[in-house]
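Participant: What follows is the residue order along each chain.
4 protein chains.
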Amino acid sequence: MIDIDTHRRDLAIANRILAREDVVDHLGHISARHPEDPSRFLLSQSRSPELVTPSDIKEYDLAGTPTDGPPHPMYVERFIHAAIYRARPDVNSVAHAHAYDLLPFTVAYDAKLRAVVHPAYTIGTEAPVWDFRDRFPNGTPLVLDMTQGDDLAATLGQNSVALMRNHGFVVALDSVVSTIYASVYLKVNARVQSEAMRFGGDVSYLQPRELEAIDELYRNAPHTVGRAWEYWVRRADLNGM
Amino acid sequence: MIDIDTHRRDLAIANRILAREDVVDHLGHISARHPEDPSRFLLSQSRSPELVTPSDIKEYDLAGTPTDGPPHPMYVERFIHAAIYRARPDVNSVAHAHAYDLLPFTVAYDAKLRAVVHPAYTIGTEAPVWDFRDRFPNGTPLVLDMTQGDDLAATLGQNSVALMRNHGFVVALDSVVSTIYASVYLKVNARVQSEAMRFGGDVSYLQPRELEAIDELYRNAPHTVGRAWEYWVRRADLNGM
Amino acid sequence: MIDIDTHRRDLAIANRILAREDVVDHLGHISARHPEDPSRFLLSQSRSPELVTPSDIKEYDLAGTPTDGPPHPMYVERFIHAAIYRARPDVNSVAHAHAYDLLPFTVAYDAKLRAVVHPAYTIGTEAPVWDFRDRFPNGTPLVLDMTQGDDLAATLGQNSVALMRNHGFVVALDSVVSTIYASVYLKVNARVQSEAMRFGGDVSYLQPRELEAIDELYRNAPHTVGRAWEYWVRRADLNGM
Amino acid sequence: MIDIDTHRRDLAIANRILAREDVVDHLGHISARHPEDPSRFLLSQSRSPELVTPSDIKEYDLAGTPTDGPPHPMYVERFIHAAIYRARPDVNSVAHAHAYDLLPFTVAYDAKLRAVVHPAYTIGTEAPVWDFRDRFPNGTPLVLDMTQGDDLAATLGQNSVALMRNHGFVVALDSVVSTIYASVYLKVNARVQSEAMRFGGDVSYLQPRELEAIDELYRNAPHTVGRAWEYWVRRADLNGM
Chain L
1 MIDIDTHRRD LAIANRILAR EDVVDHLGHI SARHPEDPSR FLLSQSRSPE LVTPSDIKEY
61 DLAGTPTDGP PHPMYVERFI HAAIYRARPD VNSVAHAHAY DLLPFTVAYD AKLRAVVHPA
121 YTIGTEAPVW DFRDRFPNGT PLVLDMTQGD DLAATLGQNS VALMRNHGFV VALDSVVSTI
181 YASVYLKVNA RVQSEAMRFG GDVSYLQPRE LEAIDELYRN APHTVGRAWE YWVRRADLNG
241 M
Chain A
1001 MIDIDTHRRD LAIANRILAR EDVVDHLGHI SARHPEDPSR FLLSQSRSPE LVTPSDIKEY
1061 DLAGTPTDGP PHPMYVERFI HAAIYRARPD VNSVAHAHAY DLLPFTVAYD AKLRAVVHPA
1121 YTIGTEAPVW DFRDRFPNGT PLVLDMTQGD DLAATLGQNS VALMRNHGFV VALDSVVSTI
1181 YASVYLKVNA RVQSEAMRFG GDVSYLQPRE LEAIDELYRN APHTVGRAWE YWVRRADLNG
1241 M
Chain X
2001 MIDIDTHRRD LAIANRILAR EDVVDHLGHI SARHPEDPSR FLLSQSRSPE LVTPSDIKEY
2061 DLAGTPTDGP PHPMYVERFI HAAIYRARPD VNSVAHAHAY DLLPFTVAYD AKLRAVVHPA
2121 YTIGTEAPVW DFRDRFPNGT PLVLDMTQGD DLAATLGQNS VALMRNHGFV VALDSVVSTI
2181 YASVYLKVNA RVQSEAMRFG GDVSYLQPRE LEAIDELYRN APHTVGRAWE YWVRRADLNG
2241 M
Chain U
3001 MIDIDTHRRD LAIANRILAR EDVVDHLGHI SARHPEDPSR FLLSQSRSPE LVTPSDIKEY
3061 DLAGTPTDGP PHPMYVERFI HAAIYRARPD VNSVAHAHAY DLLPFTVAYD AKLRAVVHPA
3121 YTIGTEAPVW DFRDRFPNGT PLVLDMTQGD DLAATLGQNS VALMRNHGFV VALDSVVSTI
3181 YASVYLKVNA RVQSEAMRFG GDVSYLQPRE LEAIDELYRN APHTVGRAWE YWVRRADLNG
3241 M
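Protein chains in written order, with this note's numbering: chain L, 1 to 241; chain A, 1001 to 1241; chain X, 2001 to 2241; chain U, 3001 to 3241.
If you are wondering where the hints come from, they were derived from the structure by calculation, not from laboratory data. No false leads were mixed into what you were given.
The calculated lysine-lysine pairs, modelled on DSS-like cross-linking and capped at a C-alpha distance of 27 Å, are: (1) K112/L - K1112/A; (2) K2112/X - K3112/U; (3) K3112/U - K1112/A; (4) K112/L - K2112/X.
Covered by chain U, according to a simulated footprint, are these stretches of chain A (three or more residues, beta-carbon under 8 Å): (5) 1044–1052; (6) 1100–1112; (7) 1139–1151; (8) 1160–1169.
Residues of chain A clear of chain U, computed beta-carbon distances all greater than 12 Å: (9) P1035; (10) D1037; (11) R1040; (12) K1058; (13) L1062; (14) G1069; (15) P1208; (16) L1211; (17) Y1218; (18) R1219; (19) V1225; (20) E1230.
Note that the Cβ used here is the ideal one computed from N, Cα and C, for glycine as well.
This is chain L alone, in the form it adopts within the complex (with noise of 0.2 Å):
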């Protein structure tokens, strides 16, 4: 029998962590899909996420409509997490945030953000840049519809990874931990990437093969992973909790 109060609880912890790594401000989001309907997932009202509570989580369809209890106020990007998941079955938690240090390479036209470091490598060999302005002439840098969102969900693809023109990013996994972890080091890589090319020279970037190489060693050691989450969630302030 799944415990579905254990996984909003973890999903409201998941919350705190993003923002205590910097991930995330006051602004940003990261959903489960349902544990015993994947047509369904799971995502915090909209409340800025270092206060969310297993109380603030709510299910949705992958419409984005939600599906349970009375009215409450929605995050307005709530269909980038419908989209991805109705494209892309693989996928079990998303998250959407704005990290300072990845938020240059979304403004800046020639930096793609690529994989340099070993525990970035859900980012590839290069994140693909969904640009409102390709498709969506009158629009704005937010997935404010599904149709919106959809287009999202094809810019990224079958990749972990997709950046947001003017905005940020999205990260699509199999777990929630995992896309904690792939979230966290995105920040990394983007921080390291940026200041390595301001040397002017050429830069170190892990190639396709590294990356399988890399990817097979995760799935491999999940005591890695486990071993992040221990240290994030003694990290997170779950005052309120």
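Guided by the hints, dock chains A, X and U onto chain L, whose structure is given.
Facilitator: Using the frame of chain L, we list chains A, X and U on its own:
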């Protein structure tokens, strides 16, 4: 009936928030137009924002002269607030600060602060710069009287943000929470924009139509700013209040 | 009589210090040669350094095989330590970490880490870089067996510091406190050197004679390192120890 | 009657403030001329500033020789203080530190530290740099005796700030609080100036007349520095005092 004590308390909290979010250090201040009398405004006596309490909040007229109580130490730059309230009836809160990430834009002649991320839309397409040397060749970067305050207000014009050469910035908006929001993301935008510019290629600046659309989004989603306030209050150090 | 419990406790504290001083995040480790048996060394079981307690400290031989107690989760890169202790009888403590300020030097081919400030004199005139691609074309940036560990140790040679391409660094010195000292100031040096290089002109690197003189100063002033230890212990989070 | 205990306590607090504001790490020190005897000065025994208590404060003469109590561990660079007090009767407090944001200016030959923001006006139009290699070809970046101290004091001249090649800075002013103020904003100025320089265009440096006007403003507004002191004391970790 307006509860002036609540306004004093909120303004004291606003001071604490700006300190916690690294917008101000021991310098900087935020004011609010008096809720009952538009010809007066509320501002702390001279004290570092991180330490301001409701009893520090004093009343001034639109010449920067205190209108209540016994003499108290005053911010030498209170004229910034007085002049902007006089020039801009639509403005209900003014902040002035020296956030470190923003200061390079006040010092480098060629760097123009422009909105690159949506929460900083209040910057507009380019923040005007008040340069004391243009009109006050015997002056300093500070605003020390109403003449200088009026000149700064003229540079601000109908904008929400203006920079001050070798000094800092002013934000002027319709509420305390909006002024905090703009001040925090002004700083984030400065950091992101300067990093993006250093990649050397083209930078994606938000365009006028896009800024208008984002402005409309915020006006239609008052919950977003309320969520930010809840987050900032939780994080701020309210000791002694 | 050697009190092994004190050594375990000091090594656990060393882990906490590296976490507090931003040398490690959830990854990274520090070891000590066994005080009674130079063919063994002490290292935590696989756990994030910020959380290590004395009971996490295990014993390994110079092939990286645990020599005591029941099976436990192990750091996959414990071979770094084993190989360096085997190659360098003068070394009594080894640290391996991914400090963010240092990582750009492992990623930018043209950036050579060189000592620019005196507390980082252990870097020497240029830190060697172990590049996994040179000898292990099917490898990753990680050290996963003794062959790779030996190769890293060969790159380290008689130096106190070596970088690892796309990965991090190793420090190998005669005591735990010296290893911490070198690790902390390696990070500071990296930050200062990269900022200095970006001014575009000549950089003042410390010269061999100067580095020798500084080394002699430190050897004659053991109080300096003791003062640092007192400082780091005060700052570290020792909860749960 | 002068209460020397209050002076000792204030100087201990000054040490804590410099630690809290990231001017010093485990290294660095601040002293005060003895209030009753200008031929002596107060300085902590060798201890990290973050941990200094009033009982650590010792007395030295202007040759750097301790004048009271039993032997104690001493800062090797106490001669910096002795030499400056001897050369500059107007100086009542000296700080020496290695703030990380300042260090690049001591390492990059072409980077000249110049005041760009008004609270850092004590830097002046360009801070002189003491380069140990000019006069002590067999020396190190450190000041280890009175000859080197006198040479540094000569480089300082009538300035309030001097940099030390590959090492750090000294600030020398008329009071402890002014010395802290200058040290904190020296660091801020360094950060802002280096970021501004990297935009590549002209930088607005404060001019001599402007610096004089700002100096006069500060002299006429003693409350500003008192407000800073109140702020720093509130923030500092005073545990164990």
